[in-house]
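Participant: The numbering of the sequence shown is UniProt numbering, which starts it at 1 and goes up by one.
Hints should not be assumed to be uniformly reliable.
[Claimed, not checked] List of simulated lysine-lysine pairs, PhoX-like, C-alpha gap at most 25 angstroms: (1) Lys57 x Lys68; (2) Lys43 x Lys57; (3) Lys60 x Lys71; (4) Lys86 x Lys71; (5) Lys86 x Lys73.
Calculated directly from the structure, the hints in this document are not laboratory data.
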Amino acid sequence: MLHLTAGHVGSLVARRATVALTTSSARMASHGHEVSEAVDMSKPMYWDRREIPLPDKRYKDILTPADKSLKEKEKGPWGQLSNEEKLALYRLSFCQTYPEMNQSSSEWKTVVAGVLYCIGLTGLVIIWQTAYVSPPAHIPSLSPATDSF
Numbered sequence: 001m002l003h004l005t006a007g008h009v010g011s012l013v014a015r016r017a018t019v020a021l022t023t024s025s026a027r028m029a030s031h032g033h034e035v036s037e038a039v040d041m042s043k044p045m046y047w048d049r050r051e052i053p054l055p056d057k058r059y060k061d062i063l064t065p066a067d068k069s070l071k072e073k074e075k076g077p078w079g080q081l082s083n084e085e086k087l088a089l090y091r092l093s094f095c096q097t098y099p100e101m102n103q104s105s106s107e108w109k110t111v112v113a114g115v116l117y118c119i120g121l122t123g124l125v126i127i128w129q130t131a132y133v134s135p136p137a138h139i140p141s142l143s144p145a146t147d148s149f
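Using the sequences and the hints, build the whole thing.
Facilitator: Here you go:
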C-alpha cells in the first residue's frame, strides 16, 4: 500500500514542474566540469608527508617566467645564489618545510571535547533513568522479619 501525504504529493509535483520548466542546458551546466573535476589517481601526485620525504612530482608544475629564470640560475654554482633564491627554489619543489609539517595541530582538543561531551550525556541519561524509569530500589532491612509464613 502506498500512502502519500499532501506534503509528499506537493513536493513531487513541484519537482516535476521544476524539471519540466528548466532548460536542458541549465541542467547540463550544473553537471559539467565547472562544478568538480575528476582526479586521475594513476598520475603522480604531490603531498607533504614526513614518512615520504620526496613526493612523486614537484609542488609547482606551471612556472612563471621569474621561476623559469630562477631554475636556469639553479643549474649554475650554488654559491652565487642568495638565501632568498635558495628558499624560492625550495618552495618550487615543496610546499612545507619539516618544521611546518611537524607543527602540532589542535585536533586533540576537539577529540577530548567530544569524548567528554559523550560521557556527560551518558551521565545525564543514567541520572534520568534512575529518577524516572527505574523502580525504586528495595533495600532489605537488617531486622528479623516480623511476618511468619
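Participant: Could you grab the alpha-carbon distance between Lys86 and Lys73 and see if it respects the 25 angstroms cut-off?
Facilitator: 10 angstroms, holds
Participant: Can the restraint linking Lys60 and Lys71 be considered satisfied, given a maximum Cα separation of 25 angstroms?
Facilitator: 12 angstroms, holds
Participant: Does the structure keep Lys57 and Lys68 at a Cα separation of 25 angstroms or less?
Facilitator: At roughly 17 angstroms apart (the allowed maximum being 25 angstroms), Lys68 and Lys57 satisfy the hint.
Participant: Does Lys86 pair with Lys71 here, judged by a C-alpha cut-off of 25 angstroms?
Facilitator: 10 angstroms, holds
Participant: Between the alpha carbons of Lys43 and Lys57, is the straight-line distance 25 angstroms or under?
Facilitator: 10 angstroms, holds
Hint check: no violations occur; every hint is consistent with the structure.
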